[in-house]
Amino acid sequence: MSAQFMQYLLTGLTVGAIYALVALGFSIIFNASHVINFAQGEFVMIGGMATVSLTASGLPYLLAIPLAIVAAALVGLALEKFAVEPARGASVVTLIIITIGASIFLRGLAMLVWDKNLHALKPFTGDTPIAVAGATILPQSMWVLGVTLVIVLALTWFFGRTLLGKAMLATSHNHLAAQLVGINVRLVLFLSFGLSAALGAIAGILIAPITTTSYDVGVMLGLKGFAAAILGGMGSGVGAVIGGLVLGIAETMSAGYLSSAYKDVIAFVIILAVLFFMPSGLFGKRGGERV
Amino acid sequence: MAALATVIALLPLALSNNYFYDIAVLVGLNAIVCVGLNLLIGYAGQISLGHAGFFGLGAYGSAILASRYGWPPLAAMLTTTLAVAALAFVVGRPILRLKGHYLAMATLGLGVIIFMVITTEDKFTGGPDGIAVVPFRIGGLVLQGERIWYWLVGALLLVAVWLALNLIESPMGRALRALHGSEVGAEVVGINAADHKVMVFVISAVFASVAGSLAAHYSGFVTPGKVTFLHSIELVTMVVFGGMASTFGAVVGAAVLTTLPQLLTVFKDYEMMVFGAVMMGTMIFLPRGVVPSLARLFQTGRRRDAAKEDGA
Amino acid sequence: MKSTQAGNSLKRGLAAIATTFALYTGPAVAQEPIKIGSFLSVTGGAAFLGDPEQKTLELYVEKINAAGGVLGRKLQLVAYDSAGDAEKARTFAKRLIEQDKVDVIVGGSTTGETMAVVPLVEAAQIPFMSLAGAVVIIEPVKKWVFKTPHTDRMACEKIFIDMQSRKFSKVALISGNGGFDKSMRAQCLGVAKKYGIDVIADETYGDKDTDMTAQLTKIKNTAGVQAVLNAGFAQGPAIVTKNYRQIGITLPLYQSHGVASKEFIKLAGAAAEGVRLPAAALLIAESLPASDPQRSVVVSYNKEYESRFKSEVSTFGGHAYDGLMLAVDAMKKAGSTDKAKVRDALEGIRGYMGTAGVVNMSASDHMGLDLSAFRMLEVKGGNWTLVK
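As you go down the protein sequences, you meet chains U, H and F in turn.
The opening position of the first sequence corresponds to residue 1 in the numbering used here, with each subsequent residue numbered one higher.
The opening position of the second sequence corresponds to residue 1001 in the numbering used here, with each subsequent residue numbered one higher.
The opening position of the third sequence corresponds to residue 2001 in the numbering used here, with each subsequent residue numbered one higher.
No wet-lab data here; the hints were simulated from the structure.
Only a predicted model underlies this, so the values are computations on that prediction, with no experimental measurement involved.
Ideal Cβ placement from N, Cα and C applies to all residues, glycine included.
Heads up, some of the hints might be wrong.
[What the hints assert, rightly or not] Computed beta-carbon distance windows for the label pairs: (1) Lys2262(F) <-> Pro139(U): 20 to 28 Å; (2) Phe124(U) <-> Arg2350(F): 54 to 62 Å; (3) Gly2348(F) <-> Ala1009(H): 26 to 34 Å; (4) Ala2066(F) <-> Ile1138(H): 50 to 58 Å; (5) Thr1079(H) <-> His34(U): 36 to 44 Å; (6) Ser1016(H) <-> Ala2340(F): 21 to 29 Å; (7) Ala1155(H) <-> Lys2262(F): 26 to 34 Å; (8) Leu77(U) <-> Ala1155(H): 37 to 45 Å; (9) Thr2250(F) <-> Leu153(U): 48 to 56 Å; (10) Leu1260(H) <-> Lys2074(F): 25 to 33 Å.
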């Protein structure tokens, strides 16, 4: 019984870590601009697919991965510059539609640049499962968990200790005040897209050896990442991570103990239940409404 | 409104074969959903990313009752609509306590749950491949064929628009607009925000459900393909594209976004890219939607002319 | 000043509208080509199917035209992307019939899309070659609807026969929530008893899921399971296979014809070793003995497809090839493109050798394949091999 539980837990953590990375991307952009970037899932796709084609053309992982991340970051920056910035001041719903249009555009572009097939990436350090307390975990899953942890720590250091990070944090608290103390809010917005895109790409590269990748993996992962970000409280970094892990574990536990057919339903029901009792998510800012 | 009636009456002159009628019927059905959704998004200022769920429930409800259990289609549709209204009422209350992105997520979750239940309970619903639906019957009269449906849907669209316009001008409509402006402010003057929000939610769900039931009978089958998150997004896009807080905007938005994919087939492989680019472009350059932006252009044009005349 | 500006833009606007209409209605042709209509899932969840199907149709329409066409006329392919959506498929089929006025339809990558279109083709009385899998398409037989792929029921039967020969009687089933998966699962549950198979575990996963270890763990802990059958396609089965080895299940694993392609081996990697599935001879074309009557057809298709598109063949492309060739054959036999004559000719096709197998159509059988059309294959050394 407990070996089963361990298996579900380990798998849930792996899947959850990926959701967490995507959710972080949502939160960072939301903090800087109050925009929900529905194209976040496509960054995940770009990371994976770019790595596939770079390695297929002969580059080793050590070169291909950073290049893929940079490529995704560039796409993120372009998205901000050409789609979001011109529309600043538009209503929330309009901005949502713009990012959705962007996600459709990127998927269409991906279809042409790459193809519609599924692609596999070789795992970073091999395929032999490691036994842990009666369950097994792939070496690649260890990479997923490890890298996610490193990233969370790095982001904590970035936002807490560096000037740029603190500027971004200040912007998320109060745009106007940040401008008044001389922070270049537009630059912050610009960079936040780049950073989120990079995070998404890393998630895509980490998970591709386990799940294969294709031009439309972004849709489901983006949706789950968004759900995780909301669950944890949109805009909260801690919330994004916890939300992602909770969502991942809820999914695997539901599949294992309840019904594998309904596991997504159960996950969403849990999210709805949390929102009913905590309308701003687990760690969301409990905002008062200014009259 | 008279303009819309004229367009509906004269359009058949431009429609040369059944394929064009088919598109017109689809536009009409989408427009009915959008008119309802516009009340929720444009006037009451809420958001729903799950309205395809209500459309789907209407479609499947009618399909299952009429085809599997042999109910008369009209009775099936009315029963389904009542059931959907009840569901929207029960679910609406807790969901509409949420705001902004949280509300978006909750409605999205609702839509996904509906989709998953429909897809999984294949004994009832036929699962992902769906089920066939009997044609629509009123008494002994069978309604089949694109042209008949064109007139039926056209008439119903006019009814829907009339209802929406009346609602907007009624005290309830004014209450909704007050809510949109400031929820706290509206409550201060005695408007029960929660009640009004739920009522609009239910009304928009009913519009969607009726359109869904009709769509099921018209197509002759239902599949979960129309109950997806992507279709919910399409509906919201139609409303926003056409112009929020504009009933005719909703109709225009439905018309453009339903016919656009047909026109874009010439782009073959580039179709998705072009569609995404069009979505982005129109939202960036016409952020208030097509109808309000064009209306403003005409107004500024007229004002400039008037000023010139005065000046000259 | 202003009025001429307005006049100019009005003229430009009218010109734009006129050009759009021209594009829309297409150029007038001197000698009327034979129009082959098609709606395929080129994008979306079933792109796995539609993409090779479209490529195949394009390739062979070109080749046939280069060789002189059919009945002295060129072929023209009118293809739309229905993206796996039954509603889009219905609208495009209507467009093909009413607007483009095609002579025959070869398409419908998925069962949902095909079934949505059936009432239309029956009413319009136009021959329709479906490329989808489920048995409901041709059972009960519909006058104008034919299909080229093997049915999912046949796949179940072929697998169960193989299991019987290996003395398996207790089996676990795992499938996705897509149309193909559900249909095949229902068929397998329906015919299992006939082959003495008892399905003692039945798990499902979401088509876009990234991990199936939970479901497989449940199967692993079910006592008495002797073999596992995964009825699915696209990325699900590849992940199932990898997870299968990861958690150490050593029982034989069967996949469905939904993943009959070299892509599957690439995606599942080393985990695919030992997996068996029923497939058309297309996959092992080169290793067929010279005496095999299918050899020349499949080898030639493989060569053409791979050299032109630089990617692996898939059996789904093969189904499109069969659909097109059968339609062309019927037109030649009927000596015209009259829809009723072509339909009758289709029903009369006997002994036609396609990529899927020998086709013997009849008034009661609009698919024409039997179980011999399926070969049982196994992955050995990273490649598909025939199970003797």
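We went through each hint and held it up to the structure:
1. The hinted range of 20 to 28 Å is satisfied by lysine 2262(F) and proline 139(U), whose Cβ atoms lie roughly 26 Å apart.
2. Range check, phenylalanine 124(U) to arginine 2350(F): about 56 Å between beta-carbon atoms, so the 54 to 62 Å window is met.
3. Judged by the Cβ atoms, the range 26 to 34 Å given for glycine 2348(F) and alanine 1009(H) is violated: they are separated by roughly 50 Å.
4. The given range of 50 to 58 Å is respected by alanine 2066(F) and isoleucine 1138(H), whose C-beta atoms sit roughly 56 Å from each other.
5. Range check, threonine 1079(H) to histidine 34(U): about 43 Å between beta-carbon atoms, so the 36 to 44 Å window is met.
6. Hint check: serine 1016(H) to alanine 2340(F), Cβ distance near 25 Å, so the stated range 21 to 29 Å holds.
7. At roughly 56 Å, the beta-carbon separation of alanine 1155(H) and lysine 2262(F) lies outside the given 26 to 34 Å, and the hint is violated.
8. A hinted range of 37 to 45 Å is violated for the C-beta pair leucine 77(U) and alanine 1155(H), which are about 51 Å apart.
9. A C-beta distance of roughly 40 Å is found between threonine 2250(F) and leucine 153(U), which places it outside the suggested range of 48 to 56 Å.
10. A C-beta distance of roughly 31 Å is found between leucine 1260(H) and lysine 2074(F), which places it inside the suggested range of 25 to 33 Å.
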